[in-house]
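Here the protein sequences come in this chain order: G and U. With this note's numbering, the residue at position 10 of the first sequence is 10, and numbering never jumps. With this note's numbering, the residue at position 57 of the second sequence is 57, and numbering never jumps.
None of these hints come from the bench; they were simulated from the model. Keep in mind it's a predicted model, so treat the numbers as computed, not measured. Don't be surprised by glycine CBs; every beta carbon is placed ideally from N, CA and C. Some hints here could point you the wrong way.
Calculated cross-link-like contacts (lysine-lysine; reagent style DSS-like; alpha-carbon spacing at most 30 Å) [to be verified]:
#1 Lys105/G with Lys13/U
#2 Lys105/G with Lys58/G
#3 Lys49/G with Lys57/U
Pair ranges (Cβ atoms, derived) [stated by the list, open to error]:
#4 Leu18/G with Gly62/U: 44 to 54 Å
#5 Gln45/G with Gly28/U: 14 to 24 Å
#6 Gly40/U with Ser12/G: 21 to 31 Å
#7 Gln45/G with Pro39/U: 15 to 25 Å
#8 Phe69/U with Ser70/G: 37 to 47 Å
#9 Gln17/U with Ser80/G: 44 to 54 Å
#10 Gly28/U with Thr51/G: 11 to 21 Å
One-letter residues, chain by chain:
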Amino acid sequence: AQSVTQLGSHVSVSEGALVLLRCNYSSSVPPYLFWYVQYPNQGLQLLLKYTTGATLVKGINGFEAEFKKSETSFHLTKPSAHMSDAAEYFCAAGVQAGTALIFGKGTTLSVSS
Amino acid sequence: KAGVTQTPRYLIKTRGQQVTLSCSPISGHRSVSWYQQTPGQGLQFLFEYFSETQRNKGNFPGRFSGRQFSNSRSEMNVSTLELGDSALYLCASSRGTDTQYFGPGTRLTVL
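Here chain G stands alone, though its shape is the one from the complex (with noise of 0.2 Å):
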């Protein structure tokens, strides 16, 4: 069965410093990826995808991952980080885009200034 792993319920960086929030996945076929946010009563926000083509992906507010299916991890990270990024964040996998995503349990940000 398909899951998807955070590690980490809680990562805590000082602001400017470097953002790196875990995700591995476990499937027999390489699944659609993605990385979404959630602000406090709010739905989710999905800052970047990963389909096919290239492993390293960019998304919104300076935001990327990198895809390595020898290590089934999708690890989002973001060079800088701002006080504005603190919020929980979501891994979740899927044998299509469109349906039925598995996702990890979250990881809650904190910046710190």
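Take the given structure of chain G and dock chain U to it, following the hints.
Then chain U, alone, in the frame of chain G:
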């Protein structure tokens, strides 16, 4: 282009009652998926409707049902509410094989 809208945003019900939630997808999107978000179980896929037909279904009891109308709007119904049904219910729309875009959710509280 308007995003996914969900109504109502907040709802309070008592055990045993039933509830209907509504979702209007992005214009041109024919697929609507529903997810339940709880602190304990996280985000879980309920079901997906595409062109008025249920195309995929998650592992939820039959108390959870849905439907889709010809204009792609979707409703989700939960009958005989239990305390554990308290959650944020998120709707997502897509063209069918592309990225899902999520609405703001409906917060259901069961007392």
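Structure-based check of each hint:
About 27 Å separates the Cα atoms of Lys105/G and Lys13/U, which keeps this hinted pair within 30 Å; it holds. For the hint linking Lys105/G to Lys58/G, the alpha-carbon distance of about 23 Å falls within 30 Å, and the restraint holds. A C-alpha spacing of about 23 Å is found between Lys49/G and Lys57/U, which places the hinted pair at or below 30 Å, so the restraint holds. Between Leu18/G and Gly62/U the Cβ separation comes to about 47 Å, which falls inside the hinted range of 44 to 54 Å.
Checked against the given bound of 14 to 24 Å, the beta carbons of Gln45/G and Gly28/U, roughly 20 Å apart, stay inside it. The hinted range of 21 to 31 Å is satisfied by Gly40/U and Ser12/G, whose Cβ atoms lie roughly 23 Å apart. Checked against the given bound of 15 to 25 Å, the beta carbons of Gln45/G and Pro39/U, roughly 20 Å apart, stay inside it. A C-beta distance of roughly 45 Å is found between Phe69/U and Ser70/G, which places it inside the suggested range of 37 to 47 Å.
Checked against the hint of 44 to 54 Å, the pair Gln17/U and Ser80/G passes, with Cβ atoms roughly 49 Å apart. Between Gly28/U and Thr51/G the beta carbon distance is about 19 Å. The supplied range of 11 to 21 Å therefore holds.
The structure meets every hint from the earlier list without exception.
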